[in-house]
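Chemist: If you want the building blocks of each chain, they are given just below.
2 protein chains.
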Amino acid sequence: MQTLLNTVKDIFDAEQFVFEPHELYDPIEYTLRLGGKRIRPVMLLAANQLFGGDAAQAKDAALGIETFHNFTLLHDDLMDKSPLRRGKPTVYRKWNENTAILSGDTMFAMAWRYFLRQPHTRLQEILNCFNETAIEVCEGQQYDMNFEQRDNVSIAEYMEMIRLKTAVLLAGALKIGALYACAPNEDIEHLYQFGIALGLAFQLQDDLLDAFGDVAVFGKQTGQDIRDNKKTYLYLRALEKGSAQEVQELRDIFASTPENSDAKVARVLEIYRHLGIKEEVENTVEMEFSKAQRSLDAIAVGENKKRPLQELMEALLGRKK
Amino acid sequence: MQTLLNTVKDIFDAEQFVFEPHELYDPIEYTLRLGGKRIRPVMLLAANQLFGGDAAQAKDAALGIETFHNFTLLHDDLMDKSPLRRGKPTVYRKWNENTAILSGDTMFAMAWRYFLRQPHTRLQEILNCFNETAIEVCEGQQYDMNFEQRDNVSIAEYMEMIRLKTAVLLAGALKIGALYACAPNEDIEHLYQFGIALGLAFQLQDDLLDAFGDVAVFGKQTGQDIRDNKKTYLYLRALEKGSAQEVQELRDIFASTPENSDAKVARVLEIYRHLGIKEEVENTVEMEFSKAQRSLDAIAVGENKKRPLQELMEALLGRKK
Numbered sequence: 036m037q038t039l040l041n042t043v044k045d046i047f048d049a050e051q052f053v054f055e056p057h058e059l060y061d062p063i064e065y066t067l068r069l070g071g072k073r074i075r076p077v078m079l080l081a082a083n084q085l086f087g088g089d090a091a092q093a094k095d096a097a098l099g100i101e102t103f104h105n106f107t108l109l110h111d112d113l114m115d116k117s118p119l120r121r122g123k124p125t126v127y128r129k130w131n132e133n134t135a136i137l138s139g140d141t142m143f144a145m146a147w148r149y150f151l152r153q154p155h156t157r158l159q160e161i162l163n164c165f166n167e168t169a170i171e172v173c174e175g176q177q178y179d180m181n182f183e184q185r186d187n188v189s190i191a192e193y194m195e196m197i198r199l200k201t202a203v204l205l206a207g208a209l210k211i212g213a214l215y216a217c218a219p220n221e222d223i224e225h226l227y228q229f230g231i232a233l234g235l236a237f238q239l240q241d242d243l244l245d246a247f248g249d250v251a252v253f254g255k256q257t258g259q260d261i262r263d264n265k266k267t268y269l270y271l272r273a274l275e276k277g278s279a280q281e282v283q284e285l286r287d288i289f290a291s292t293p294e295n296s297d298a299k300v301a302r303v304l305e306i307y308r309h310l311g312i313k314e315e316v317e318n319t320v321e322m323e324f325s326k327a328q329r330s331l332d333a334i335a336v337g338e339n340k341k342r343p344l345q346e347l348m349e350a351l352l353g354r355k356k
Numbered sequence: 036m037q038t039l040l041n042t043v044k045d046i047f048d049a050e051q052f053v054f055e056p057h058e059l060y061d062p063i064e065y066t067l068r069l070g071g072k073r074i075r076p077v078m079l080l081a082a083n084q085l086f087g088g089d090a091a092q093a094k095d096a097a098l099g100i101e102t103f104h105n106f107t108l109l110h111d112d113l114m115d116k117s118p119l120r121r122g123k124p125t126v127y128r129k130w131n132e133n134t135a136i137l138s139g140d141t142m143f144a145m146a147w148r149y150f151l152r153q154p155h156t157r158l159q160e161i162l163n164c165f166n167e168t169a170i171e172v173c174e175g176q177q178y179d180m181n182f183e184q185r186d187n188v189s190i191a192e193y194m195e196m197i198r199l200k201t202a203v204l205l206a207g208a209l210k211i212g213a214l215y216a217c218a219p220n221e222d223i224e225h226l227y228q229f230g231i232a233l234g235l236a237f238q239l240q241d242d243l244l245d246a247f248g249d250v251a252v253f254g255k256q257t258g259q260d261i262r263d264n265k266k267t268y269l270y271l272r273a274l275e276k277g278s279a280q281e282v283q284e285l286r287d288i289f290a291s292t293p294e295n296s297d298a299k300v301a302r303v304l305e306i307y308r309h310l311g312i313k314e315e316v317e318n319t320v321e322m323e324f325s326k327a328q329r330s331l332d333a334i335a336v337g338e339n340k341k342r343p344l345q346e347l348m349e350a351l352l353g354r355k356k
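So the sequences go chain by chain: A and B.
First residue of the first sequence: 36, per our numbering; consecutive thereafter.
First residue of the second sequence: 36, per our numbering; consecutive thereafter.
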């Protein structure tokens with residue numbers, strides 16, 4: 036796994052991102068050099084390797100998928116008015132809104148440039164997968180924005196939203212890597228389902244850690260979703276399970292933004308605990324984790340070749356077997 | 036030519052643009068149904084026809100190029116804070132800024148979906164042409180925004196900006212249409228140069244008509260560029276040709292936005308006339324028109340087959356031979 040992380044780092048280090056006009060490309064270089072986990076290109080190369088693919092062929096797709104992902108972050112940060120990304124000012128803050136829009140658009144096109152750099156017998160399938168994934172990610176972001184305006188979002192709707200917003204890009208990256216290696220379609224499908232389950236588990240666990248995580252492990256303040264009145268899986272499930280009185284209290288609390296939010300966080304966590312939300316979400320994460328494991332197991336490739344993906348899954352979900 | 040306009044209308048009428056979530060797709064349908072001249076898909080199909088191509092093969096690319104063009108308009112209108120497009124409220128006004136960003140992004144991806152719908156032996160070339168054109172259009176928009184902040188833009192820089200912002204998309208549409216018909220590369224190059232010259236001539240003539248046009252023919256109030264302090268070819272050329280005193284006056288006028296702008300417009304036009312700017316721009320338009328004509332003439336195809344493109348050129352530049 037460490038080898039793959041280094042490979043991806045080398046790919047990005049070797050690439051030039053600044054062209055003329057520099058006002059357009061400086062924010063792109065800034066964004067793509069911030070790093071982050073680069074989990075999608077790592078997944079793509081791991082899937083490629085799983086089927087004995089040639090990393091030199093898949094490397095441009097790895098660049099493409101990460102460039103696309105960063106384009107969505109750039110526009111999401113503008114839409115959500117987020118001040119920070121990976122501890123640094125977001126592009127719309129460091130430059131301005133128009134720069135965030137146009138440099139983002141250009142990054143989407145640059146992602147295509149990377150995908151189009153090399154010929155491949157399955158290129159049309161690869162590009163279709165990339166593009167349909169891109170459309171789904173946009174749809175997921177729209178559902179996310181819609182849900183902010185609604186107070187009757189079901190768990191099923193929430194799961195579909197995070198599937199589109201988060202899981203399909205992980206799954207798409209895996210599928211693309213496998214397509215580059217001309218893997219059998221049946222195995223590609225298993226790999227795709229592995230990615231979906233992994234993405235869902237990862238997102239739900241993120242909701243969980245934000246509420247109940249160990250600050251030292253989580254790496255940031257807990258309870259932030261509650262402070263931000265974010266409608267997570269936990270909140271929506273509590274609305275489904277709570278008494279009429281608890282539901283009303285939760286709605287009231289999530290409509291408020293008190294100066295000192297610690298009491299707010301404490302009270303919401305108390306309700307979550309009382310309703311057994313924590314255990315329930317843990318069970319759902321475990322279920323998705325098992326689905327991911329079964330999908331990985333089903334791939335008709337020697338077990339030792341699956342080790343990097345197994346490690347990636349465990350690292351992403353913060354667990355050791 | 037009328038046949039091609041109808042063909043393009045039929046293609047758009049037959050296409051579905053609304054999917055779920057409708058909050059994402061309603062603005063897309065609104066934009067794509069507004070119509071407009073749809074000159075780029077018409078050009079694409081005309082180029083395809085010129086080389087005996089199959090319109091059924093090229094029709095999805097026609098959809099793709101117009102969807103891309105409308106995506107750029109959607110984001111440009113937001114960046115420029117334009118209230119109206121084709122006489123109707125712009126998307127960011129009718130909905131909001133986030134909708135304009137995300138529905139725009141989705142339109143870019145939809146454009147790709149259309150391009151990817153059908154296989155083609157030259158698909159990678161077609162997609163490369165589309166994507167490199169898209170990147171150039173973004174670069175053109177960035178130069179346009181840069182120039183608003185600068186007061187020393189040269190004519191050469193201005194021409195390069197409108198080449199990127201306007202001409203390459205016309206030229207790209209023509210090239211793509213020709214690629215679908217598997218035209219010889221030499222003819223594709225002539226056609227591309229035809230598109231560049233046509234695009235430049237069209238944009239310069241637009242600058243000219245805005246200042247000196249007949250309101251009845253132009254269809255909107257003249258002098259708007261001057262009221263908006265827009266740095267057109269005319270203004271930049273006047274800065275190059277004017278006396279120190281005239282240059283200072285122009286700069287002062289363009290730094291002001293008086294309540295009653297008629298006097299402002301009148302004075303600027305007086306300076307333009309005194310410096311012979313009108314004739315000079317007319318000559319430049321004529322030169323680009325001739326270049327376009329020569330490029331069209333150079334294509335190794337029977338003259339009668341060129342008639343639709345000839346007519347399109349003349350219609351676009353508002354002249355009859």
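Treat the hints as calculated values from the structure; they're not laboratory data.
It cannot be assumed that every hint is accurate.
Intra- or inter-copy, both count: the list cannot distinguish identical chains.
[As the list claims (entries may be wrong)] Straight line, CA to CA, 20 Å or less: simulated SDA-like cross-link-like pairs of lysine to any residue:
(1) K116 <-> N133
(2) K299 <-> E58
(3) K116 <-> W130
(4) K276 <-> S330
(5) K299 <-> L310
(6) K266 <-> Y60
(7) K129 <-> M114
(8) K116 <-> E132
(9) K341 <-> I46
(10) K44 <-> T292
Chemist: When no copy is named, should K266 and Y60 be tagged within, between, both, or neither for a Cα gap of at most 20 Å?
Modeler: neither (35 Å within a copy, 24 Å between copies)
Chemist: Cα distance capped at 20 Å. Does K299 pair with E58 within a copy, between copies, both, or neither?
Modeler: Cα proximity of K299 and E58: none, with 43 Å in one copy and 32 Å across.
Chemist: From the Cα coordinates, with 20 Å as the cut-off, is the pair K116 and W130 best called within, between, both, or neither?
Modeler: both (13 Å within a copy, 18 Å between copies)
Chemist: Is it within a copy, between copies, both, or neither that the alpha carbon of K116 lies no farther than 20 Å from that of E132?
Modeler: both (10 Å within a copy, 12 Å between copies)
Chemist: Within a copy, between copies, both or neither: where do K276 and S330 come within 20 Å Cα-Cα?
Modeler: Neither: 31 Å inside a chain and 72 Å across chains, both beyond 20 Å.
Chemist: Could you place K116 and N133 in one of the four classes (within, between, both, neither) given a Cα distance threshold of 20 Å?
Modeler: So K116 and N133 pass the 20 Å test inside a copy (13 Å) and across (10 Å) alike.
Chemist: Under a CA distance limit of 20 Å, which applies to K341 and I46: within one copy, between copies, both, or neither?
Modeler: Classified as neither; 23 Å inside a copy, 48 Å across copies.
Chemist: Within, between, both or neither: how does the pair K299, L310 come out at a Cα-Cα threshold of 20 Å?
Modeler: within (17 Å within a copy, 71 Å between copies)
Chemist: Is it within, between, both or neither when you check K129 against M114 at 20 Å Cα-Cα?
Modeler: Answer is both: 15 Å inside a copy and 17 Å across each meet the 20 Å cutoff.
Chemist: At most 20 Å between CA atoms: does that hold for K44 and T292 within a copy, between copies, both, or neither?
Modeler: Neither way: K44 and T292 sit 41 Å apart in one copy and 52 Å across, limit 20 Å.
Of the hints listed earlier, those the structure fails to meet are numbers 2, 4, 6, 9 and 10, in rising order.
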